[in-house]
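Student: Produce the complete structure using the sequences and hints provided.
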Amino acid sequence: MVSRKSLLIAGRVFKELRRDYRTMFLFILSPTFVLILLKGMMGHSPADFNHFGLIVTGLFPTAPAFLFSAFVVTRDHNVRTLEHLLTTPASRLDVILGYVIAFILPALVQISLMLSVAFGFLGLHVSGKWWEVGLIAIVTCILGLAIGLVVKNFARNEFQLTKILAMIGVPHLMISGFFRPPSLMVGWMAFLSHFAPWRYGVELLDQFEHHAWPTATAWFNFGVIVFIVVLLFGVSSVTVLNRRTA
Amino acid sequence: MIRLRLPLAIAHRVLIDFFRDRRSRVVLIVTPGILIILGRYMYSSPAAFDRTGGLMLGVFPALSMFLTGSTALVHERGEGTLEKVLTTPASRKDLVAGYVIAAAVASLAQAAVTVTLAYEVCQLTTQTPAWLIYLLTALCGIFGMSLGICASAVSKNEGEAEMFLPGAMVPQLLLCGVFWPVSRMDTWVHWLADFLPITALANTMTAARLHFYGGISMVYSLIAMAGIIVISLTVAVRVVGTRAVTDLSFRTSIPRGNEMFSPAIEIRDLVVHRGGRPIINGVSVSVEVGAITGLLGPSGSGKTTLMRCIMGVQRIRSGEVIVLGRPAGTAPLRREVGYLSQPPSAYAELTVEENVRHFAALYGYGKKEAGAAIDDAGLADLRKQYVRTLSSGQRTRAALACALVGRPRVLILDEPTVGQDPVLRRELWQQFRCLADSGVTILISSHVMEEAARCDRILLIRGGTVIAHDAPDLIQAAAGAEGLEEAFVSLVEAD
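Chains as they are written, first to last, in this note's numbering: chain W, 1 to 246; chain Z, 1 to 495.
No lab work stands behind these hints, which were simulated from the structure alone. If you're wondering where the values come from, they're calculated on a predicted model, not measured in any experiment. All residues carry an ideal CB built from backbone N, CA and C; glycine is no exception. Worth double-checking, as some hints may not be accurate.
Estimated spans, in silico, between C-beta atoms of each pair [what the hints assert, rightly or not]:
#1 Z:W191 with W:F121: 13 to 21 Å
#2 W:N153 with Z:G463: 57 to 65 Å
#3 Z:I223 with W:L7: 54 to 62 Å
#4 Z:D186 with W:L7: 56 to 64 Å
#5 Z:E485 with W:L105: 50 to 58 Å
Listed next, the stretches of chain Z that the computed footprint assigns to chain W, with coverage defined by at least 3 CB atoms under 8 Å from CB atoms of chain W [to be verified]:
#6 64-70
#7 178-189
Tutor: Printed below as a string of structure tokens:
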């Protein structure tokens, strides 16, 4: 499964990421920074901080992973290195795994920093264990990567990507139930929320606010997220990673 | 008083760029509309929507202009079109003003949707009438754009901008009060928010919602906003683009150019460093009027850098470059010198004709001249095509048309014949000869030796120094070689 080729690709992608220290800096620090701001915003209502803090800890890693992967793959595409890569013996699975492995490394640093700040300094208090939240964060990070790969289909260059991000990201955030649970929304909007990948993330994390161990709802939502990730990788392997393009 | 012709031409082009792409139309018009609706129906009662809705109307134009403006500029810089505009009579001020005008127009277009939806569908209630809120959105758009232009200077490429912009925007969004009432935040966050530009905007919108015609608190926050706009525009005019000459003192010491110049281009002891390495190493050379000079040299020898120096877009370490009696890059000169960059730059999302007409407008010419330039570049059949769909040879010709349209007296052409077939190449050379006969000075870089033979003079450089500057046959004779190609090789390989 994890072949030598995918490790080679991962090594290359990681090297590129590492050179760009400014971006790396943002990638690793941004979730922690947002958490600290959130604590400041909601310092007067600990209950709200526990709720939103938990969701941010578990879900925020999607955002930088999404940005990063979309950018890296677009750049690869534009300078034709992706096309070149696909003419080598590397398979499409190798390429996807290569990207995933390359992103997991900085994501681990990012998530451990975020978890220690959230549970250590900011006093995030929930029933779920820190490592459970951490595992979810890793999965949502891979979700971001998967969305980033697929989004390349809608943009010719990085310039357009930024617009796509604003176009998809912000409305998605509003219907996902991050601000208000779907049960409190007006009917049609609650219905729409079923199509937002983050809805399942929010619901999954909500479970851990009051339960120490995964409940049936938690498992269901986790399953949906894994399904979405697999589906998105499938879509990108026949679109972005298609050998023959127009 | 700023002359409006150039800014308007630029604003026109920017607006085409903003609205041509389907994604941009959605991001600028549709998404904000959707967000207003979503923001309203997250709550069951319209009253709960008032606070967020009022803020959204101001935040949307600011954010979308910040985003589109800064990425558009970074994109332009990457494509080389930004530098190209700065080699035309348009100054940085004109460029910034053009972007600002475009921002105001785009914001009003966006607000036509969002404000209508907010008041008519989402039942937003404010103490200030809707028409004033509508006008405020244009100010918010200008606000976002002026910050965006500054931000564009910070990122090296679009990739960085893509990471940097959310990095700059997310904290501002969190703290502006759309998500969480500012009154319930910790004091240190308040303190932090006071330093964020968006606070001024949020205060304006809040005042407009709560007080009749905004009251005195709106006056204060409007002053704060205006201050931020003025400061960021001042910074923007300084940072946008890269045109820079290290030593500005001689600009004033040289009298206004007289009509008799010989030579047309005069370079003295020019030294340029890039990335800590000398690229041009003490070049002194003069190019006479009405001649075609071929700039030759192995790749990496500094040909493009030397041409950029003559255009006044390259930061130089020492020495001076005088073109037509004036220091390179000075304002009156930009009308006289045409430039084809390498790689060639043209707006990818505009058609060939729109590109050439835009540059024609910057030089003060119209449709007729643009058409002639397109014909001269051999693009008559392709005038309606988008530049992004052109082959690299066609793209070069599109950029060439943009350089020719200003009827320059000096033409700096960086590899104009790359990717052209022999027939086209011959036609282009006939034209260059025609132009030279009419008194235009042409400096051309090339790798093709048979082209070098067509030049009046050849300037051969290697490792940033001149190794030969003479007529082709004399160079050939001096090197004792059979043909020019052999002479080139033996001169480059000597010592």
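Student: All the hints need checking, so say for each whether the structure fits it.
Tutor: Status of each hint after checking the structure:
The hinted window of 13 to 21 Å between W191 of chain Z and F121 of chain W holds, with their beta carbons roughly 19 Å apart. A hinted range of 57 to 65 Å for the beta carbons of N153 of chain W and G463 of chain Z is inconsistent with their spacing of about 46 Å. At roughly 59 Å, the beta carbons of I223 of chain Z and L7 of chain W sit within the given window of 54 to 62 Å. Here the CB-CB span from D186 of chain Z to L7 of chain W is close to 46 Å, at odds with the stated 56 to 64 Å.
The hinted window of 50 to 58 Å between E485 of chain Z and L105 of chain W holds, with their beta carbons roughly 51 Å apart. Remark: the segment 64-70 of chain Z is confirmed as covered by chain W, as 3 of its residues place a Cβ nearer than 8 Å to a Cβ of that chain, reaching the required three. Three residues within the 8 Å Cβ limit are the bar, and the segment 178-189 of chain Z against chain W gives 7, so the coverage statement holds.
Going through the hint list in order, the structure does not satisfy hints 2 and 4.
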